[in-house]
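Q: Read off the chains here:
Number of protein chains: 2
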Amino acid sequence: MPVQLFGPVQVSDTVEIPERSGTAFTLEQGDTLIVIDPRGEQVADLLAFNAEDVAEIISSGRTFDYAETIYLTTGHELYSNRSRPMLGIIEDTVGRHDFLLTPCSYDTFHHFYPKLQPHRGCFGNLAAALEPYGIAPDMVPTAFNCFMNVPVDGATGKLRVLPPISKAGDHIAFRAHMDLIIGLTACSAPDSNGGTFKPIHYRIERG
Amino acid sequence: MPVQLFGPVQVSDTVEIPERSGTAFTLEQGDTLIVIDPRGEQVADLLAFNAEDVAEIISSGRTFDYAETIYLTTGHELYSNRSRPMLGIIEDTVGRHDFLLTPCSYDTFHHFYPKLQPHRGCFGNLAAALEPYGIAPDMVPTAFNCFMNVPVDGATGKLRVLPPISKAGDHIAFRAHMDLIIGLTACSAPDSNGGTFKPIHYRIERG
Numbered sequence: 001m002p003v004q005l006f007g008p009v010q011v012s013d014t015v016e017i018p019e020r021s022g023t024a025f026t027l028e029q030g031d032t033l034i035v036i037d038p039r040g041e042q043v044a045d046l047l048a049f050n051a052e053d054v055a056e057i058i059s060s061g062r063t064f065d066y067a068e069t070i071y072l073t074t075g076h077e078l079y080s081n082r083s084r085p086m087l088g089i090i091e092d093t094v095g096r097h098d099f100l101l102t103p104c105s106y107d108t109f110h111h112f113y114p115k116l117q118p119h120r121g122c123f124g125n126l127a128a129a130l131e132p133y134g135i136a137p138d139m140v141p142t143a144f145n146c147f148m149n150v151p152v153d154g155a156t157g158k159l160r161v162l163p164p165i166s167k168a169g170d171h172i173a174f175r176a177h178m179d180l181i182i183g184l185t186a187c188s189a190p191d192s193n194g195g196t197f198k199p200i201h202y203r204i205e206r207g
Numbered sequence: 001m002p003v004q005l006f007g008p009v010q011v012s013d014t015v016e017i018p019e020r021s022g023t024a025f026t027l028e029q030g031d032t033l034i035v036i037d038p039r040g041e042q043v044a045d046l047l048a049f050n051a052e053d054v055a056e057i058i059s060s061g062r063t064f065d066y067a068e069t070i071y072l073t074t075g076h077e078l079y080s081n082r083s084r085p086m087l088g089i090i091e092d093t094v095g096r097h098d099f100l101l102t103p104c105s106y107d108t109f110h111h112f113y114p115k116l117q118p119h120r121g122c123f124g125n126l127a128a129a130l131e132p133y134g135i136a137p138d139m140v141p142t143a144f145n146c147f148m149n150v151p152v153d154g155a156t157g158k159l160r161v162l163p164p165i166s167k168a169g170d171h172i173a174f175r176a177h178m179d180l181i182i183g184l185t186a187c188s189a190p191d192s193n194g195g196t197f198k199p200i201h202y203r204i205e206r207g
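These protein sequence lines map, in sequence, to chains A and B.
Here UniProt numbering is used: the first residue of the first sequence is 1, the next is one more, and so on.
Here UniProt numbering is used: the first residue of the second sequence is 1, the next is one more, and so on.
One or more hints might be untrue.
Identical chains blur together in the list; that is why a pair holds if it fits in one copy or across any two.
As a list, the in silico SDA-like pairs of lysine to any residue whose alpha-carbon atoms are at most 25 angstroms apart [claimed, not checked]:
(1) K158 to E68
(2) K115 to P85
(3) K158 to R175
(4) K158 to P132
(5) K167 to V54
(6) K158 to P199
(7) K198 to A168
(8) K158 to A67
(9) K158 to E52
(10) K198 to E16
(11) K167 to T156
Derived by calculation from the structure, the hints in this document are not laboratory data.
Note that this is a predicted model, so its numbers are computed, not measured.
Build the full structure now, drawing on both the sequences and the hints.
A: The following block contains the structure:
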């Protein structure tokens, strides 16, 4: 694809994250990250750390404080533990994501899928991908789970993990408000993905 | 009160946390912490860290994973970021607490109460109280907010901060599953407490 003189510049080609794996990469302030569900009904756990100081971490609690909703979509900002916007959601063709639950892990596999082969899950995949950036496993917080469908019953508080409502080619786009280290997965937990495992695609554009 | 030969042993007298302040203390495995709302309609933000390794921290996301509800009460466990139970809720006379929102802070005061005198809030109070234990401000996660009343609309996801439903003398009791450092506040944010500021009481019993 030729570089455009005006409009977004594509920094990366579309990258595939294979099923049940994860990756980490950097974004510069002003970059746009587009996370794509290429086949539909798949989840991508997303983490963000300040590239200059990895103690500044994406925070579900601060984000809920400011957004005053647990369902985040276009126009919402994802905040850090220092109350600063890290990523703004600028486009969202799905409208249902989760920011309540932590990445699946050996322990959650053991708990929820005792008959399945254990898997290190998104937690293990994120921890391994972020280790070269000096981020320890204990620093992995609640992730922003793109496309994950976790309805909450307002009366009882009970939550359910249902198949995503995303269709093939659906995407969510984030604008980076600071230089960031991003962790991103193609989720490993059967319930999150309607019982199947699929890849996730992403690409980066410079605004 | 005399020491009982059988049954719980009171380790501490009832301690008052003055309005808009916070404290930190240790619990031993097996201790019971009773958090009391002495006047009603007041909130206490609670944090827990493994006393042997403060990188193990209370986790709203892990707790929601295992509890499968956002409203926690008697019988639920509060989990760490390592998927281990830290505190079990063994008694609860209120039945409505919050584990979605982060402690109020200078930044949240600036955002929600621009006309009020800014206050360091529960975040600042917890950070100051936990500093002697080697816990940095960036390590303060989403707190378990005892008595905080944050209903969520299941259809829209919108949340509201309403006055607590706790009455004078209501309490919640936690059993410590490991040696812990606890941070605890009497909340500083007007909306959490029906517009007033009040103390919180607590006491510790050895089981």
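Q: Each hint: holds or not?
A: So, going through the hints one by one against the coordinates:
| no. | hint | verdict |
| --- | --- | --- |
| 1 | K158 to E68 | both (19 angstroms within a copy, 6 angstroms between copies) |
| 2 | K115 to P85 | between (41 angstroms within a copy, 23 angstroms between copies) |
| 3 | K158 to R175 | between (32 angstroms within a copy, 23 angstroms between copies) |
| 4 | K158 to P132 | neither (37 angstroms within a copy, 38 angstroms between copies) |
| 5 | K167 to V54 | neither (34 angstroms within a copy, 42 angstroms between copies) |
| 6 | K158 to P199 | neither (29 angstroms within a copy, 31 angstroms between copies) |
| 7 | K198 to A168 | within (11 angstroms within a copy, 53 angstroms between copies) |
| 8 | K158 to A67 | both (21 angstroms within a copy, 9 angstroms between copies) |
| 9 | K158 to E52 | neither (38 angstroms within a copy, 33 angstroms between copies) |
| 10 | K198 to E16 | within (10 angstroms within a copy, 54 angstroms between copies) |
| 11 | K167 to T156 | between (30 angstroms within a copy, 21 angstroms between copies) |
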